[in-house]
Amino acid sequence: MLYISNFVLEICNLKVFNMKRRFNILIVGTLLLISSGLWVLSVRLSVDPKEVLVPGGALIVIGYGLYLGVLKIKSLKRKEPLDDEFSKKVMIKSSSLSFYISLYMWLFIMYLSDKTNKEASDLIGSGIIGMAIIFMLSWVGTKFYGMKDE
Amino acid sequence: MSQMELAQKVGVRRETIVFLEKGKYNPSLKLAHDISRVFGLTIEEIFFFESN
Chain A
1 MLYISNFVLE ICNLKVFNMK RRFNILIVGT LLLISSGLWV LSVRLSVDPK EVLVPGGALI
61 VIGYGLYLGV LKIKSLKRKE PLDDEFSKKV MIKSSSLSFY ISLYMWLFIM YLSDKTNKEA
121 SDLIGSGIIG MAIIFMLSWV GTKFYGMKDE
Chain B
1 MSQMELAQKV GVRRETIVFL EKGKYNPSLK LAHDISRVFG LTIEEIFFFE SN
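Residue numbers (this note's numbering), protein chains in the order written: chain A, 1 to 150; chain B, 1 to 52.
In short, the hints are calculated from the structure, not lab data.
Predicted model only: the values in this text are computed from it and were never measured.
Please note: incorrect hints may appear among the correct ones.
In silico DSBU-like links for lysine-lysine, alpha-carbon gap of 30 Å or less [unchecked claim]:
(1) K9/B x K89/A
(2) K9/B x K115/A
(3) K24/B x K118/A
(4) K143/A x K79/A
(5) K9/B x K88/A
(6) K22/B x K148/A
(7) K143/A x K24/B
(8) K118/A x K9/B
(9) K22/B x K88/A
(10) K24/B x K148/A
(11) K89/A x K22/B
(12) K9/B x K148/A
(13) K24/B x K93/A
(14) K143/A x K22/B
(15) K72/A x K9/B
(16) K74/A x K93/A
(17) K9/B x K77/A
(18) K24/B x K77/A
Work out the full structure: start from the sequences and follow the hints.
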């Protein structure tokens, strides 16, 4: 019985480990999906991805900033503290996660810089917007899944 | 007592109390202590640790 319970425990631990890894894969997969969609769009509709990606990304970042601002205003109206231990931990965790994922994004951009004729400023601008989007997704994901085991 | 009232008494945001109730967040020792003081109970009577 002890052997069976240990075996079940290992499977449960694997589940938790796989769920955390799946979340990281989900973020990377989403970004790849978006970039693939833009590539298909550019090929089929002769649309320059830069014309869609950069303004779209900037809009998403601005919208996210506005959303955070609205949350802060609502907190002030309810006379809540703007930051507490939970919100600070969420910020720290999402920052570290987004930094980790951004490293791979920059490696990918460096790889792309040799394959495309894009100017360095365009790639850097896209990378910066990508980092902001990655941080936004990390923050949303951290809030959604919580931080039970930390 | 509502979540908002408890949050105001211990000095945190309401969402922190929500995540505590859902079991998606482990409070700091100070927060656990403050919450137990509000209810007049010990920490062990309010928070249960589940071994993984």
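* Assess, step by step, whether the Cα of K24/B is no farther than 30 Å from the Cα of K93/A, and give holds or violated. => The hint holds at about 14 Å.
- Message: Hinted pair, alpha-carbon criterion (30 Å max): K9/B, K115/A. Please report holds or violated.
- Response: 58 Å, violated
Does K9/B pair with K77/A here, judged by a C-alpha cut-off of 30 Å? Satisfied, since the Cα-Cα distance of roughly 17 Å is no more than 30 Å.
Please work out if K74/A and K93/A have their alpha carbons no farther apart than 30 Å. 24 Å, holds
Is the straight-line distance between the alpha-carbon of K143/A and that of K79/A 30 Å or less? 21 Å, holds
message: For a C-alpha distance cap of 30 Å, please report whether K143/A and K24/B respect it.
response: Distance ~9 Å between K143/A and K24/B Cα, so the pair holds.
Given hint K89/A paired with K9/B - CA-CA distance at most 30 Å: Given pair K9/B, K89/A holds - Cα atoms ~21 Å apart, limit 30 Å.
>> Given the hinted pair K89/A and K22/B, is their Cα-Cα distance within 30 Å?
In response: Satisfied, since the Cα-Cα distance of roughly 17 Å is no more than 30 Å.
Taking 30 Å as the top limit, are the C-alpha atoms of K72/A and K9/B close enough? Given pair K72/A, K9/B holds - Cα atoms ~20 Å apart, limit 30 Å.
Is K22/B close enough to K88/A, meaning Cα to Cα at most 30 Å?
Status holds; Cα separation ~19 Å.
> Are the Cα atoms of K9/B and K148/A separated by 30 Å or less?
Replying inline: 23 Å, holds
Regarding the pair K22/B and K148/A, is the alpha-carbon distance no greater than 30 Å? 10 Å, holds
The structure fails to meet hints 2, 3 and 8 from the earlier list, while all remaining hints are met.
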